[in-house]
Amino acid sequence: MKRLWSSARGRHIEQVRRDKRDRRAEERRDDRRSRRRGRRSRHVAIASDQETVTAPPKLCLFDARDQVLEFWSVLRAQLARRHTRVWVDLRYVQSITIDGLLIVRAALDDAIEQGRGGGVRGNLPNDIAVAATLKASGFFQGFVRPPGQLPAPQGLVRRWSSTQVQSKVAAELVEFAMENADVPRHLAAASYKALVELMSNTHLHSGEFIERRQRRKPGRWFASVQCREQVAEFAFLDLGIGILQSPAARSFLRRAGDTLIGYGEEVLLKDVFEGRVGASIEQPGRGFGLGRLRQMARDGLLGNLRVMTKSVAGRVDALDFTEMSQSLRGTAYHWTTKQGQ
Amino acid sequence: MAQINIAEEFTRLPGPRFRDEGENSGQEFREEFLRPRFEQAVAKNETLVVVLDGATFGYPTSFLEEAFGGLAREVGIERVLSVVQYVSHNEPLLPREIETYVRQADKTSRQRAKAAS
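Residue numbers (my numbering), protein chains in the order written: chain A, 1 to 341; chain B, 1 to 117.
Next comes chain A alone, as it looks inside the complex (with noise of 0.2 Å):
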């Protein structure tokens, strides 16, 4: 039988066959890797980085303010750009308030409200305590918790939001305190009628200019009670434009001939809670509520009323204002049902 070809050639041809065979297997490893990189590579376009916030040990507002602040303005920041995923770092919270949760939440909050960045995940405090108490508030759906069982939380949280007042969520809230603090009526009903005044005063004067015609986007309010040992804290918070930069407020620096600088921002929202300043342009009849919540605070009606807005923070019973080294967009507010403070 005549060969067809020499045994070399038909090594050769086998060689040949083989390497064929090779190269498409690769080929075809190469799609497969390629789809699925190609698939990876959308995903990193929507969210190119991971960045990272780390919260300070201690997460509350007003007692360490300038530490959240600066926390607080680096994660708006953050999750001010809208291709990055967004790594919240609560491991080292060691103490944390209802106001300082607030601020918090209502950063992601509004983040997503916006339709601003990419995704926000975290961990919980390492402290299983603290830890307990923010997995039960709900705030942090989805943060990675630590190891091991958790206690039970420290206290019972319920928050709200809305661009409307509502009487009703008010009332809601107030009633969580009742049922689960102990507050007494009276000191209930003042609570109710701050938060209402708050929210009023969020719609009204918080929101910002839409456009030349100067129509007013309503502001968001955030609002939250904490119920631990007897003590209910509420915590209220705009993120719009600040007391003192409301239209009233630059309204009342014309006519005093001043600017906000010049004037003094711990001045000036003292002249807003003894009502000098007014509400919105000078109409009949406004400018009663800031006032009528100081008289309530000084009654012992609402616990160390703080506030905080801008540069400027402290309490509203005494007036007792300071200026601070950080600054907050938007106007904070925090009292509790703990009489005689």
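Be aware that one or more of the hints could be misleading.
[To be verified] For the chain A half of the interface with chain B, some residues (derived, Cβ under 8 Å), not all of them:
(1) Gln164
(2) Val165
(3) Lys168
(4) Ala171
(5) Val174
(6) Phe176
(7) Lys193
(8) His203
(9) Ala256
(10) Gly257
(11) Ile261
(12) Gly289
(13) Arg292
[What the hints assert, rightly or not] Here are the computed lysine to any residue pairs in the SDA-like style, where the Cα-Cα straight-line distance is at most 25 Å:
(14) B:Lys107 / A:Gly257
(15) A:Lys168 / B:Glu31
(16) A:Lys270 / B:Glu31
(17) A:Lys58 / A:Lys135
(18) B:Lys107 / B:Asp20
To be clear, the hints were calculated from the coordinates, so they are not data collected in a lab.
Note that CB positions come from ideal geometry on N, CA and C, so glycine has one too.
The hints should help you fit chain B onto chain A, whose structure is shown.
For chain B alone, coordinates are given in the frame of chain A:
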């Protein structure tokens, strides 16, 4: 004597000042309830008694000012003072607070501050 009971006829949870802020506003109460009853009372030469008891957690300042101060701005301060009376067993000082809003209904905050200094 005409009577209006806010909690029973309008709401137990009074809300903000204006309608566009939210539900149960002072403006809504004044326009839908208070002003018509006031006019009826005036037409019959009667007193209008406003019952303030029954609101679950009382009345926010802005609600009261818009309702009663607003009425005074519409019909006149003296007319409101002469026609409207208040009943409040739960918060005895509330009628005096409302009267303050009525008396100062035509004053801006600047004018009030000037008068106080």
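Original post:
Does the interface hint hold: is glycine 289 of chain A within less than 8 Å of chain B, judged Cβ to Cβ?
Top reply: The hint holds - glycine 289 of chain A has a Cβ within 8 Å of chain B, the shortest such distance being about 5 Å.
Original post:
Keeping to a limit of 25 Å between CA atoms, is the pair of lysine 270 of chain A and glutamate 31 of chain B held or broken?
Top reply: Violated: lysine 270 of chain A and glutamate 31 of chain B sit about 35 Å apart, past 25 Å.
**OP:** So, alanine 256 of chain A near chain B? Judge it on the closest CB pair being under 8 Å.
**Re:** violated, 11 Å
Subject >> Residue hint lysine 193 of chain A, partner chain B, criterion CB-CB below 8 Å >> reply: This hint holds: lysine 193 of chain A lies near chain B, its Cβ roughly 5 Å from the closest one there, short of 8 Å.
Subject >> Per-residue hint verdict: arginine 292 of chain A, partner chain B, C-beta under 8 Å >> reply: Given a least distance of 4 Å, the restraint on arginine 292 of chain A holds.
Subject >> Hint check: 8 Å Cβ-Cβ cutoff, glutamine 164 of chain A to chain B >> reply: holds, 4 Å
Subject >> Per-residue hint verdict: lysine 168 of chain A, partner chain B, C-beta under 8 Å >> reply: Lysine 168 of chain A check passes; min Cβ-Cβ to chain B is 6 Å, inside 8 Å.
Subject >> Interface hint status, alanine 171 of chain A versus chain B (Cβ within 8 Å) >> reply: Holds. Min distance 5 Å.
**OP:** Closer than 8 Å between Cβ atoms is the bar; does valine 174 of chain A clear it against chain B? Give me holds or violated.
**Re:** At 6 Å from the nearest chain B Cβ, valine 174 of chain A passes the 8 Å test, so the hint holds.
Subject >> Given pair status - glycine 257 of chain A, lysine 107 of chain B, alpha carbons within 25 Å >> reply: OK: lysine 107 of chain B and glycine 257 of chain A at ~22 Å, within 25 Å.
**OP:** For the pair we were handed, lysine 58 of chain A and lysine 135 of chain A, check the Cα-Cα distance against 25 Å.
**Re:** Roughly 17 Å between the alpha carbons, so the hint for lysine 58 of chain A and lysine 135 of chain A holds.
Original post:
Between lysine 168 of chain A and glutamate 31 of chain B, does the CA-CA distance stay at or below 25 Å?
Top reply: With a Cα-Cα distance of about 21 Å, the restraint between lysine 168 of chain A and glutamate 31 of chain B holds, given a limit of 25 Å.
Going through the hint list in order, the structure does not satisfy hints 6, 9, 10, 11, 16.
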